[in-house]
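Engineer: Below are the chains, spelled out letter by letter.
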Amino acid sequence: MATHAASREPLNIGCGAGFSGDRWDAAVPVVRTLIARGTPSVLMFETLAERTLALAQLQRRQTPDAGWEPSLERFLQPVLADCVRHKIPIVGNFGAANPPGAAARIHELARALGLPALRVAIVEGDDLLAQRSEALDRLLPAASRERKLVSVNVYLGAQQIAQALRAGADVVVTGRVADPSLALGPLLAHFDWDMTDWNRLAAGTMAGHILECGAQVTGGYFADPGVKDVPDVANVGFPILEVHEDGRFVVSKAQDTGGCVDRRTVTEQLLYEIHDPAAYLTPDVVADLSEAELRLLGPDRVEVRGILGHERPATLKATVCYEGGWLAEGEISYAGPNAVARAKLAGDIVAQRLAHLGLGALALRRDLIGVGSIFADDAGAWWAQHASREPEDVRLRIAAQVDERAHAELLTREVTALYTCGPAGGGGVRTSITPRLASDSCYVPREDVRAGWRFVQ
Amino acid sequence: MSGARDIALHRIAHGRTGDKGNRCSISVIAFDPSHWSLLVEQVTEERVLELFSFRRPSSVRRYLLPRLHAMNFVLDDVLDGGVNGSLNLDSHGKSLSGLLLTLTVQLPSDLQETT
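Read top to bottom, the protein sequences are chains S and D. In short: position in the first sequence from 1, add 1, done, that's the working numbering. In short: position in the second sequence from 1, add 252, done, that's the working numbering.
Keep in mind the hints are simulated off the structure, nothing from the lab. The beta-carbon is built from N, C-alpha and C at its ideal position, and this holds for glycine as well. Hints may contain errors.
No more than 16 Å apart at the CA atoms, straight line, and that leaves these computed lysine to aspartate or glutamate pairs for EDC-like [claimed, not checked]:
hint: 1; chain 1: D; residue 1: LYS346; chain 2: S; residue 2: GLU274
hint: 2; chain 1: S; residue 1: LYS229; chain 2: D; residue 2: GLU365
hint: 3; chain 1: S; residue 1: LYS345; chain 2: S; residue 2: GLU312
hint: 4; chain 1: S; residue 1: LYS149; chain 2: S; residue 2: GLU405
hint: 5; chain 1: S; residue 1: LYS149; chain 2: S; residue 2: ASP441
hint: 6; chain 1: D; residue 1: LYS272; chain 2: S; residue 2: GLU405
hint: 7; chain 1: S; residue 1: LYS229; chain 2: D; residue 2: ASP284
hint: 8; chain 1: D; residue 1: LYS346; chain 2: S; residue 2: ASP225
hint: 9; chain 1: D; residue 1: LYS346; chain 2: D; residue 2: ASP328
Computed footprint of chain S on chain D, listed as stretches where at least three residues anywhere in the stretch have a Cβ under 8 Å from a Cβ of chain S [said to hold, decoys possible]:
hint: 10; stretch: 267-279
hint: 11; stretch: 282-296
Have a look at the derived ranges for each label pair, beta carbon to beta carbon [as the list claims (entries may be wrong)]:
hint: 12; chain 1: D; residue 1: ASP342; chain 2: S; residue 2: ARG146; range: 25 to 35 Å
hint: 13; chain 1: D; residue 1: SER311; chain 2: S; residue 2: ALA67; range: 39 to 49 Å
hint: 14; chain 1: D; residue 1: ARG307; chain 2: S; residue 2: VAL228; range: 20 to 30 Å
hint: 15; chain 1: S; residue 1: GLU393; chain 2: D; residue 2: SER310; range: 34 to 44 Å
hint: 16; chain 1: D; residue 1: SER347; chain 2: S; residue 2: GLU393; range: 21 to 31 Å
hint: 17; chain 1: S; residue 1: GLY361; chain 2: D; residue 2: ALA256; range: 21 to 31 Å
hint: 18; chain 1: D; residue 1: GLY350; chain 2: S; residue 2: ASP26; range: 25 to 35 Å
hint: 19; chain 1: D; residue 1: ASP329; chain 2: S; residue 2: SER134; range: 48 to 58 Å
hint: 20; chain 1: S; residue 1: PRO226; chain 2: D; residue 2: LEU341; range: 17 to 27 Å
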């Protein structure tokens, strides 16, 4: 990516994380492989689920410097120096609710690693709550108007990422952009594809779609023993795509890792979270998989071609998050003779007690979990003798959504009180109370969104 | 179908669940292309609607991808509100491909299970 002129040479895009909770060290073999290949490369991180961004907005409210991906440093520290040294730009949506804050942290990290000053760019304009207007309020879903709004973020596309990379960014930090745009942006910068070349834009978008969940295309989230076996799955390698100028791409993975890439893994991920495969809507293009074809080129190498594209939608999707009350949960185990009956009785007791305490209208969910949760010893010797058996060790789970924290406490209190007031032999109570966010979506006219990018020192 | 056997879909197909809001999408992919036409005939919108009826889907749609020997089901309003609203431990509904793969299909005697 050192030159700004259009290149015909393929671009390798590696993925270092597929969600906020992903492995911190996954990018290391990816970067090692990109360096070994020695061709133009980019590393992307996707760490921003719908919910993650709303949580980040809440963090930023409490601490103005916070609100970016909490694992940012853990993701970048192992690979940043190598990427800078080998001119592998990094693109990530780890800016979350605070891209300038993430950029500042990346500069600090670079200094701590003894690197020269980096060019860190941020993409802005996704946060619609920061530029709230009456026009926006009219677009919001009705349900969100009655609740306290937490965030409204519109999905931006690939263009600002591409502009920042063309200007020489070492790292591009975004907030909400469509996940596949994290790969399409570098492809636009590398090949100078026209923004109306729908087939190429769709191919680049699907390349990003294949990459955005990390190991989900390389044998992660796939193993089914005896049916779909994955070699060395504990050491699964993250994906690298080699994208060609005409849009076809080859899916592969980091060298010297476990996992596998074949027609099955690629097909599962190609269709993941897709609804109508002929009309996958993104801010950049409408992608169409009707004619897509896969070909196994060799071990862990699958070629994807035939992706078609259609004109991008006139509106952009925005995710609206608002306060959604509290999730109250409590669990307790029963084991031995009549365990299921005792667990069910415990659930009835909690329901009756909550009714007595004025929460009779509360919708309670009850689960009876599992086959072994309390009989076994810590070392697991019990399991060796009870590999498969009928349930005589079950765990009751009770959950409800409530508007007030005090009501959540009533529920967890009643589950805890089962120790002495419930059926015989209950053990292992755990309770939790979690604030909830509700989410919805709305569609914003493209011209009402002011997207941009800038370097941050 | 003389000599046909009842088998679980899991023996001849694999799949993955995705979610967006209260909408669940589940792919069903033939391991062996020779099973594709059988899937098209037997893994229908009607049968999937019946299998998931306890979740009260407002609609079930099937999309076919013959070049990939795959189909994609889109089930609306089956996630109790989705990841931010459901009381389910699996609020994404990620385990639901496991339910779809329990569907019984009839395998003609001239075809073999993959697994």
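Engineer: Now tell me, hint by hint, if it's right for this structure.
Structural biologist: Going down the list of hints, with the structure as the test:
1. D:LYS346 with S:GLU274: It holds: about 11 Å lies between the C-alpha atoms, which stays within 16 Å.
2. S:LYS229 with D:GLU365: Holds, at roughly 14 Å.
3. S:LYS345 with S:GLU312: 56 Å, violated
4. S:LYS149 with S:GLU405: 14 Å, holds
5. S:LYS149 with S:ASP441: This hinted pair holds, its Cα atoms lying about 13 Å apart.
6. D:LYS272 with S:GLU405: Given pair LYS272 (chain D), GLU405 (chain S) is violated - Cα atoms ~27 Å apart, limit 16 Å.
7. S:LYS229 with D:ASP284: 13 Å, holds
8. D:LYS346 with S:ASP225: 15 Å, holds
9. D:LYS346 with D:ASP328: 15 Å, holds
10. 267-279: holds (count 9)
11. 282-296: violated (count 1)
12. D:ASP342 with S:ARG146: 25 to 35 Å: 30 Å, holds
13. D:SER311 with S:ALA67: 39 to 49 Å: 41 Å, holds
14. D:ARG307 with S:VAL228: 20 to 30 Å: 25 Å, holds
15. S:GLU393 with D:SER310: 34 to 44 Å: Roughly 39 Å apart at Cβ, these two residues keep to the hinted range, so it holds.
16. D:SER347 with S:GLU393: 21 to 31 Å: 24 Å Cβ-Cβ, so the 21 to 31 Å window holds.
17. S:GLY361 with D:ALA256: 21 to 31 Å: 52 Å, violated
18. D:GLY350 with S:ASP26: 25 to 35 Å: 30 Å, holds
19. D:ASP329 with S:SER134: 48 to 58 Å: 32 Å, violated
20. S:PRO226 with D:LEU341: 17 to 27 Å: 23 Å, holds
In terms of the numbered hints stated before, the structure departs from hints 3, 6, 11, 17, 19, listed from lowest to highest.
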